[in-house]
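Novice: Quick note, the sequences are listed as chains A and B, same order.
Here the numbering used here is used: the first residue of the first sequence is 1, the next is one more, and so on.
Here the numbering used here is used: the first residue of the second sequence is 1, the next is one more, and so on.
Incorrect hints may appear among the rest.
[To be verified] Calculated pairs, DSS-like style, for lysine-lysine (alpha carbon to alpha carbon, straight line, at most 25 Å):
{"id": "1", "chain 1": "A", "residue 1": "K2", "chain 2": "B", "residue 2": "K41"}
{"id": "2", "chain 1": "B", "residue 1": "K9", "chain 2": "B", "residue 2": "K41"}
{"id": "3", "chain 1": "B", "residue 1": "K42", "chain 2": "B", "residue 2": "K9"}
{"id": "4", "chain 1": "B", "residue 1": "K42", "chain 2": "A", "residue 2": "K15"}
{"id": "5", "chain 1": "B", "residue 1": "K42", "chain 2": "A", "residue 2": "K12"}
{"id": "6", "chain 1": "A", "residue 1": "K32", "chain 2": "B", "residue 2": "K42"}
{"id": "7", "chain 1": "B", "residue 1": "K52", "chain 2": "B", "residue 2": "K41"}
{"id": "8", "chain 1": "B", "residue 1": "K103", "chain 2": "B", "residue 2": "K145"}
{"id": "9", "chain 1": "A", "residue 1": "K3", "chain 2": "B", "residue 2": "K9"}
{"id": "10", "chain 1": "B", "residue 1": "K9", "chain 2": "A", "residue 2": "K28"}
{"id": "11", "chain 1": "B", "residue 1": "K52", "chain 2": "A", "residue 2": "K12"}
{"id": "12", "chain 1": "A", "residue 1": "K12", "chain 2": "B", "residue 2": "K41"}
{"id": "13", "chain 1": "A", "residue 1": "K32", "chain 2": "B", "residue 2": "K52"}
{"id": "14", "chain 1": "B", "residue 1": "K52", "chain 2": "A", "residue 2": "K6"}
{"id": "15", "chain 1": "B", "residue 1": "K103", "chain 2": "A", "residue 2": "K6"}
{"id": "16", "chain 1": "A", "residue 1": "K15", "chain 2": "B", "residue 2": "K41"}
{"id": "17", "chain 1": "B", "residue 1": "K103", "chain 2": "B", "residue 2": "K41"}
{"id": "18", "chain 1": "A", "residue 1": "K2", "chain 2": "B", "residue 2": "K145"}
{"id": "19", "chain 1": "A", "residue 1": "K28", "chain 2": "B", "residue 2": "K52"}
{"id": "20", "chain 1": "A", "residue 1": "K32", "chain 2": "A", "residue 2": "K15"}
{"id": "21", "chain 1": "B", "residue 1": "K42", "chain 2": "A", "residue 2": "K2"}
{"id": "22", "chain 1": "B", "residue 1": "K52", "chain 2": "A", "residue 2": "K15"}
{"id": "23", "chain 1": "B", "residue 1": "K149", "chain 2": "A", "residue 2": "K32"}
{"id": "24", "chain 1": "A", "residue 1": "K3", "chain 2": "B", "residue 2": "K145"}
FYI, nobody ran anything at the bench for these hints, they're computed from the structure.
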Amino acid sequence: MKKQLKLVIQEKVNKPALSDNQLAVLQKLQNKTEPAKPGSRMALITGAAAVILVAVFSLKNFS
Amino acid sequence: MFSNSQLQKLYRYAYVLTADEHSAHDLVQDAVESCLRQPPKKTGALVSYSLKIIHNRFIDMARREKRFPHTTLDEELIELDADNLLLEEMVITSSELDAVWLKLDAMEREILFLWAVEGYSTSQIADQLEISRGTILSRIHRLRKRLAKESSGGAV
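With the rest of the complex left out, here is chain B (with noise of 0.2 Å):
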């Protein structure tokens, strides 16, 4: 059912949310059984599909654990497709990044990975995580600032 390459990719996936090994194993090996229990309708979706049952027991677990943040997330539009642009522009450091990418919360760093490694566009990231396109452009707006700010040394 699962090559070897689909089961890393979705362990990177499940990396990317919990940040810890043990975790994303966990969430690795309960996405698959899961898919074996109930294999997509779609051939051919079935690593999408996986991201997505990882996406949701990702979140249930947060919630159980409550590290998820349940803040709402505002709309603001002003200028946001063109910061998407600027984040394809944006140029940084492995070590800038690394001293960012623990202080993102999981869905900035899911946003990053579907953009960055999925190819994802943000229609796409919207309806992967179930959100309006105006949140995760919002989402964008705010990771290019303190993106930004981590590659200036702090200053903006």
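Just chain A, with the same shape it has in the complex (with noise of 0.2 Å):
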């Protein structure tokens, strides 16, 4: 029977699906995985520029 394109494509592609296995190790791999806490991130971005800092005056007060 005809129906309307955007109808059959959308039947169509709806037919894929992951199993459950598959699903379960998305999921597993998610909870794995933390995303990185911009708070975290935002303590070593600080910490490296302090280093420089350190570095930088040490350097300089020693020549």
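Since each chain comes alone in its own frame, lean on the hints to assemble the complex.
Specialist: This is the structure:
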């Protein structure tokens, strides 16, 4: 039976699906890998900047 | 982070591109890992961000395997907007679509997916695929011709 192209495409592409097993693997992956927290990233950048500053000042005083 | 329905959505998109279950699953896994490493800056943009990752990874993968067509896309714009409207009105059976689906290249299937399933306009498709709107209209023009040919049993 002829139907609107849009509907026929929707029906076609909605058929393939991840199995329960594949979904479980992906959910497990998400639980295992915590996204980097913005706070900890900020602390890391501040720390690195402080180390660079100390190094620059030390070199300046040394020379 | 991703719900099961969002994962299914990503998988269907990846499947449209690759036409292969295993490659589609690999692409989704890759996109999920990538999102976890570097989440999108805009909240609520997780799915569209992931679709973009899948699209880019697919192109990288296909180029490595030399499956992606490198042909230059012409930008004939004559009556192309009208083609877009004709696509909206087009009727077809599922077996006719099945017959033509795997003969389409990945970009053509992707355009049809974004238009029919995601409800994107031609401009939004152009943004998503990072190509000009003229190219999208040109592709739609050719797609409509091929689909019309298929639904009329080869005679246009």
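Novice: Each hint should be assessed against the structure and marked as holding or not.
Specialist: Hint-by-hint comparison with the structure:
no.	hint	result
1	A/K2 to B/K41	violated (44 Å)
2	B/K9 to B/K41	holds (21 Å)
3	B/K42 to B/K9	holds (20 Å)
4	B/K42 to A/K15	violated (30 Å)
5	B/K42 to A/K12	violated (31 Å)
6	A/K32 to B/K42	holds (23 Å)
7	B/K52 to B/K41	holds (14 Å)
8	B/K103 to B/K145	holds (14 Å)
9	A/K3 to B/K9	holds (23 Å)
10	B/K9 to A/K28	holds (18 Å)
11	B/K52 to A/K12	holds (22 Å)
12	A/K12 to B/K41	violated (33 Å)
13	A/K32 to B/K52	holds (23 Å)
14	B/K52 to A/K6	holds (22 Å)
15	B/K103 to A/K6	holds (18 Å)
16	A/K15 to B/K41	violated (32 Å)
17	B/K103 to B/K41	violated (38 Å)
18	A/K2 to B/K145	holds (17 Å)
19	A/K28 to B/K52	holds (23 Å)
20	A/K32 to A/K15	violated (29 Å)
21	B/K42 to A/K2	violated (41 Å)
22	B/K52 to A/K15	holds (22 Å)
23	B/K149 to A/K32	violated (50 Å)
24	A/K3 to B/K145	holds (17 Å)
Checked against the numbered hints given earlier, this structure breaks hints 1, 4, 5, 12, 16, 17, 20, 21 and 23; the rest are met.
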